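Student: Guided by the hints, dock chain L onto chain C, whose structure is given.
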Amino acid sequence: MADEKTNAASEPLNDLNRRDFFMKLGLGSLGVAAVGTAAFSYQYLDPNVLYEPSPVINVGKPDRYPLDSVTLDVNNGIYIIHSQEGYFSLSAVCTHLGCLTAWKPELNMIACPCHGSKFEQSGKKIEGPAPRPLPWKRIWLNDDGDLLVDRSTDVLPLARDSFVRV
Amino acid sequence: MAKTVDQYFDDLRGTRVWRSIFRSGTGSSTLKRALAIQQNVFLHLFSTKVRVRMLSFSATWYLGTLTLGTFLILVATGIPLMLYYHPSVPQAYADTKDLQFVVSSGMFLRNLHRWSAHAMVFLVFAHMFKVFYRGAYRTPREFNWVIGVILLLITLLLSYTGYLLPWDQLAYWAITVGSNIASAVPLVGDKIHFLLLGGNAVNANALLRFYVLHCMILPLTAMFFVAIHFWRIRKDGGLYSHGSEPGTMKTKTDVVAAAKEAQ
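Which chain is which? The protein sequence lines are C and L, in order.
In terms of the working numbering, the first sequence is residues 404 to 569.
In terms of the working numbering, the second sequence is residues 54 to 316.
Only chain L is shown next, with the shape it has when bound in the complex:
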């Protein structure tokens, strides 16, 4: 009798190499499946068990996961773009044009980076609205809402710093206007403006500072807070689902809705 794909996969999971890497061996018992999550460095931030109801599309619209998806696309496309881009005044614009018209697949990578950036900003806002209108920010999830607000700010700063890098007229004047808004901060506004640009005007120093912020400081900060954000979901009792919190089913309508859902 021929083996099925599942059986081949089970054989693979039984091998010594596989078990040395993943520890949890064959078998699909609840324990083995829980261990598979718990013993994976990427998945161990999450709960080992999740209610099916919480994974339904209507519970979250998958907005948080989609946001992470766009972030991963941005990292994956941003790193290759760095190989052709020099953050210097004479070269930045020419490099951007080269990426668009000369480098193989450059236009694809650059456009993917740009559209994902737009999508990420949109998805972050959509995610926040969904969380807000479902009341998923309430106790015990207040702290994760705060982390979410920090991640929103980091997303906007990533978008803003990336905007300067093509070094065209649009970029130059957008950053001139944006950095002058920072000058409006009482007392220290002008100093913030000076430190942000590394000078009095949008110039070589500003381009380099925005490049380092865009490619190093902000993405690393984002990853740090994303890790806390995900870990907090587990600590706060998993993904939010209506009626999952103790004491939320109060009205008759809620009880009826829950009974219907249970059927």
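The shape of chain C in the complex, shown without the other chains:
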């Protein structure tokens, strides 16, 4: 009776002998180590701190921009446009592949030199390959009377709040 019980109890253990057990333990440990290495490698390659220029920039006093003018800020990749409705800011980075666009006063449009996309002064797309219009950026006056633009925040095109009136 006692012998039979012992045999019955040891039956499931026979499915996994010592060699298989250590093999599985070893492979399992390697698997965990591989997943951990992959996770740490990904984290390592993903920078936590970026020493990139601030998205908020000071573009100076509003009177620098005459009425009905489009001014390209080459270093910051934005347009400051003084229209009848007020001042607004437009991204100058083409929505196609990131080239810097240029204002063409003789054609009254914004054009991209890389692949020929064309936009209206309001950022609206005239012609591809750009998939989207040029986004509007948040613009406001600070206490010193300087215009500030936040390049990381898109605002609704042509909306009342998207203009600055002086």
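Calculated from the structure, these hints are not laboratory results.
These numbers come from a predicted model, not from an experiment.
The beta-carbon is built from N, C-alpha and C at its ideal position, and this holds for glycine as well.
It is possible that part of the hints are untrue.
Unchecked claim - Computed list of lysine to aspartate or glutamate pairs in EDC-like fashion (alpha-carbon distance at most 20 Å, straight line):
hint, chain 1, residue 1, chain 2, residue 2
1, C, Lys527, C, Asp549
2, C, Lys464, C, Asp549
3, L, Lys244, C, Glu488
4, L, Lys244, C, Glu455
5, C, Lys527, C, Glu488
6, C, Lys528, C, Asp547
What the hints assert, rightly or not - On the chain L side, residues computed to face chain C include the following (Cβ under 7 Å):
hint, residue
7, Thr229
8, Val230
9, Asn233
10, Leu248
11, Gly251
12, Gly252
What the hints assert, rightly or not - Far from chain C, by Cβ distances over 10 Å, these chain L residues were calculated:
hint, residue
13, Thr113
14, Pro143
15, Val199
16, Trp226
17, Ile234
18, Ala254
Tutor: Frame of chain C, contents of chain L only:
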């Protein structure tokens, strides 16, 4: 009687030092010649015997060997260029100009590196076309074709990463456009773009990442796959030559052509 150059070379091969290095001694028997290949660390990847027909220009146009040649030139010129080039935003462009106008032989090395890079891309494509149109990718060589496709991608990535290093307007905007193409990958595109550049824009991190990819990661990966590529040629029965495969001579034209070749 004066000794010929061959005899001097045979004497050299008989010396104790030579034999301690190369093992196979003098003699030009088939065995000795086979051993000379088999016991050389660089040559042992290749077959010990090759049919003369397979070494003819028309069989391969030597395109694979020429590609390896340009790769070796790129390594040999790239390493000295690294001695004067700093992968940092304030210095990269100035260093490139110094290499071009100030450093002795800098212009020669840089231009050799550039032309070899262009030649390598051209030769890789030519090699693939030759292999494709001759049908040399077929069984048992499918796996080597796959390795070849990987090597094509590595070649293009080497070319792309090297393009940023001069840090001029052309480089900056080419990498801006190229990295934005990576953003088009569904779901993870923006993350790939961010990891590739190490930031949101082509900047100091991007320059350093492309430098490390260009000078370390990609060349080492290329060497790894080139080794497999060459080893696979031996394992798949040597260089491909028309009619060398069993069962390929089926049509009457093939048999006649083979008979002509045998004459």
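Student: Next, verify each hint and record whether it holds.
Tutor: Each hint tested on the structure:
The hinted pair formed by C:Lys527 and C:Asp549 fails the criterion: a straight-line CA distance of about 27 Å is larger than 20 Å. For the proposed pair C:Lys464 and C:Asp549, the alpha carbon gap of about 5 Å is at most 20 Å, so the pair holds. Restraint check: the Cα-Cα separation between L:Lys244 and C:Glu488 comes to about 38 Å, which exceeds 20 Å; the hinted pair is violated. Among the hinted pairs, L:Lys244 with C:Glu455 is consistent with the structure: their alpha-carbon atoms are about 17 Å apart, no more than 20 Å.
Between C:Lys527 and C:Glu488 the CA atoms are separated by roughly 17 Å; this keeps the pair inside 20 Å, and the hint holds. Taking the CA atoms of C:Lys528 and C:Asp547, the gap is about 35 Å. The hint is violated against a cut of 20 Å. Among the interface hints, the one on L:Thr229 holds; its C-beta lies about 5 Å from the nearest C-beta in chain C, closer than the 7 Å criterion. Satisfaction of the interface hint for L:Val230 is found here, the shortest Cβ-Cβ separation to chain C being roughly 4 Å, below the 7 Å cut-off.
With a least beta-carbon distance of about 4 Å to chain C, the hint placing L:Asn233 at the interface is held under the 7 Å criterion. For the restraint placing L:Leu248 at the interface with chain C, the shortest Cβ-Cβ distance is roughly 5 Å, inside the 7 Å limit, so the hint holds. Against a cut-off of 7 Å between C-beta atoms, the interface hint on L:Gly251 holds, since the closest Cβ of chain C lies about 6 Å away. The restraint placing L:Gly252 at the interface with chain C holds, with a minimum CB-CB distance near 5 Å, inside the 7 Å limit.
With a minimum CB-CB distance of about 39 Å to chain C, L:Thr113 clears the 10 Å threshold, and the non-interface call stands. Separation of L:Pro143 from chain C is adequate, the least Cβ-Cβ distance of about 14 Å exceeding the 10 Å criterion. Under the 10 Å C-beta cut-off, the non-interface status given to L:Val199 relative to chain C holds; the minimum distance is some 24 Å. The non-interface label for L:Trp226 is inconsistent with chain C: the shortest C-beta to C-beta separation is roughly 6 Å, within 10 Å.
Annotated as non-interface, L:Ile234 brings its C-beta within 10 Å of a C-beta of chain C; the closest such distance is 7 Å. For L:Ala254, the condition that its CB be more than 10 Å from all CB atoms of chain C is violated, with the nearest at approximately 7 Å.
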